[in-house]
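Input sequences plus hints: build the corresponding full structure.
Residue numbers (my numbering), protein chains in the order written: chain A, 69 to 352; chain B, 557 to 964.
Since the hints were derived computationally from the structure, they do not count as laboratory data.
Here the structure is a predicted model, which is why all the values come from computation and not from measurement.
Honestly, I wouldn't trust all of these hints.
To be verified - Capping the alpha-carbon separation at 20 angstroms, the derived lysine-lysine pairs in PhoX-like fashion look like this:
(1) B/Lys584 - B/Lys623
(2) A/Lys192 - B/Lys782
(3) B/Lys861 - B/Lys607
(4) B/Lys607 - B/Lys623
(5) A/Lys192 - B/Lys963
(6) B/Lys782 - B/Lys732
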Amino acid sequence: MLEILIVGAVSSAIYAMLAVGFTLIFGVARILNLAHGTFYALGAYGAYFFTSHLKLPLLAAALLAVGLVALFGIAVERVLIRPMRKSQLATLMITLAVALVVEQVLFLTFGSEYRNVPAFVDAKFTIGGVDVGGARLLALGVGVALIAALWLFIQRTRLGSAILAISQDPVAAQYMGIPSERIFAVVMGISAALAAAAGVLAGPFLTVQPTMWLLPIVKAFAIVVVGGLGSIPGSIVAALMLGYAETIVGYLVSSSWTEIVSVLATLLTLVLRPAGIFGRRAAF
Amino acid sequence: MKLSAFLAGAACAGAALCCPTQVLAQGKPIRIGVPTAMQLQVGRDTQDAVKMAVDDINAKGGVLGRKLEMVVADETENPETGISAIKKLTADDKVDVLVGGYTSGVTLAQLPHISEAKTIYLNVGSASPATNAKVKTDYDNYKYIFRVGPLNSAHQARQLTEFISRFVKGELGITKIAIVGENAKWVQDLVPLLKKGATEAGADVRATEFFDAQTSDFSPLFSKVKDSGAQYMIVVLSHASSDIFAKQWYDSRFPMPYGGIDVKSMDGDFCDRIGGKSVGEMAVNFAVRAPLTPKTIPFFDEFKKRTGRSPVYTAFGANDAVYIYADAVKRAGSTDASAVIKELEKTSYTGIPGIIEFDDTHDVKPGTPAFKGPALLLAQWREGCKREVVHPKELRTADFVYPAWIKK
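Spelled out as structure tokens, the structure:
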């Protein structure tokens, strides 16, 4: 029982880090960013590259990777998405194109082999008789801290209020003098950084290879559909639900059934409650 | 520029006319087509191993006075691309023989096209017995198909069962085992055989668990295996999951050793790329750097010298395949497919993993105590990411060592 609690919490934290960024950029800029998983992959590859090729210490490599991915996210928004943001379909296609191009670049640069991101903590911890790897506990801790920090940032700072204002009513916010274009870039940066951080933290106990962007985007998508596209509390709740649902299915049924949970949840939500749990209206 | 090019061309033509015998003796090169998954290590190793054999044979004067030449096509892991690769090599490049293969699904899709092209195919990568079944049932159309390596999955199952009875039960004295496998067709076929064999050998199979190939969290699975009371975990892993499996096994210091078929763990760099976390694991292989035959160690050393990598199983088959084909062509006195096939069927070649002979489905014969054919070796990862053969006992290079956190 305790094992399910801990393992589920780790999965949920990683999912939440992925989903919050994904839902944030949609809620604020109405960008359905299919390249979100790419930021996750680039975070992990960045940490791998800086530690194994440039021999940087892990912390420096991790911070550098997250920072560079944030800049990459901003660049993608400025150069590729902004000119065609009016069309949701075009945004969808261009972000998918980014994801596929990056995947190929990773293939060509690093090959298809699995790569290793070193772990910050390699030790094993025993909590109430349950053995948990240190890297997982760290992912849980940092994940919770980052999401809490984001929450505070949005609720307490001027920039955060501006983000909130745009997500609630973009036209009114613009009349108030909020520079929406700049806010979009900031949000894209934050969203990319969160995904990259998830990649750096999950890299040591998951795999790092060129197609690793796909599964996170499927999960993030499932979570935000269930939670309601654009709603941060919704995506946190849905991340917890999905993380625990998968863990419980894994423990009580079989690990071969876990992957169907997210797909089923997406389907059921779209049929029964298209707006998701916290969504104000159906996004599709 | 144009004039000098013309003069150079004329000089060449003149030289060719002056000494025609030299040109004729050289003949048209024999082309070896290599359809493989080029982006993977199995694919790169196939190419490098073919190249090694080609260079060696050419340095000794070629075959029937003709040089060997390698042409590569990427078959990826996708059947459609696999078919295109075969078509390109047979129709456009007009190769004399094909040496390659990796994923059974791709090979199966390629078979009708290989048969149609009437080109000899020496499989060095895929393990499904189905790829060779038609050689027996429809010989005229499918006689072109041979498997030089690896052992097919039915032979692998039999030898893995032997590992459970002779090593896990016989030597470690462990009877309670768990069988864990990835949810893939060949694994689903293999696990029941394994379970039956293990039970017949007197082992107590406490748990049989399958997991999705996309699984990113093995905690639930490990927990079930632990609760089952098993003391050794037999694995059957092929594609995506090996890295995560080993990492999470180590991270949680899972209290039992594991071993079995773990395709990724056959890679020479597997242990290094997961930060040494597979130390203690035993994975099957078809050859490691040990004196299996007089060719094994020299091949490993030469391969390492040329590429800087340790070869994986496709390399053994690919290298042997080129020599086996060259010998058959020599004996047949031509590259005519039917004549060469007759000679290939008589092959008895001392290769890298053992003596290569083909059965009536053109499949490589497995080794037995009486016949030194390729055997399923279980090699253990050791400190410093080195490998030692632990099973079978006849080929042992070092004794089994428990992972550091397991007290015995």
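For each hint, the structure was consulted:
1. A distance of roughly 8 angstroms separates the Cα atoms of lysine 584 of chain B and lysine 623 of chain B; the hinted pair therefore holds under the 20 angstroms criterion.
2. Between the alpha carbons of lysine 192 of chain A and lysine 782 of chain B the distance comes to roughly 17 angstroms, so the proposed pair stays at or under 20 angstroms and holds.
3. For the suggested pair lysine 861 of chain B and lysine 607 of chain B, the alpha carbons sit about 14 angstroms apart, so the restraint of at most 20 angstroms is met.
4. Annotation: proposed proximity of lysine 607 of chain B to lysine 623 of chain B holds, straight-line Cα distance about 12 angstroms (limit 20 angstroms).
5. Our distance criterion of 20 angstroms between C-alpha atoms is met by lysine 192 of chain A and lysine 963 of chain B, whose separation comes to about 16 angstroms.
6. Distance hint between lysine 782 of chain B and lysine 732 of chain B is fulfilled; the C-alpha atoms sit about 11 angstroms from each other, no more than 20 angstroms.
In the structure shown, no violation is registered for any of the earlier numbered hints.
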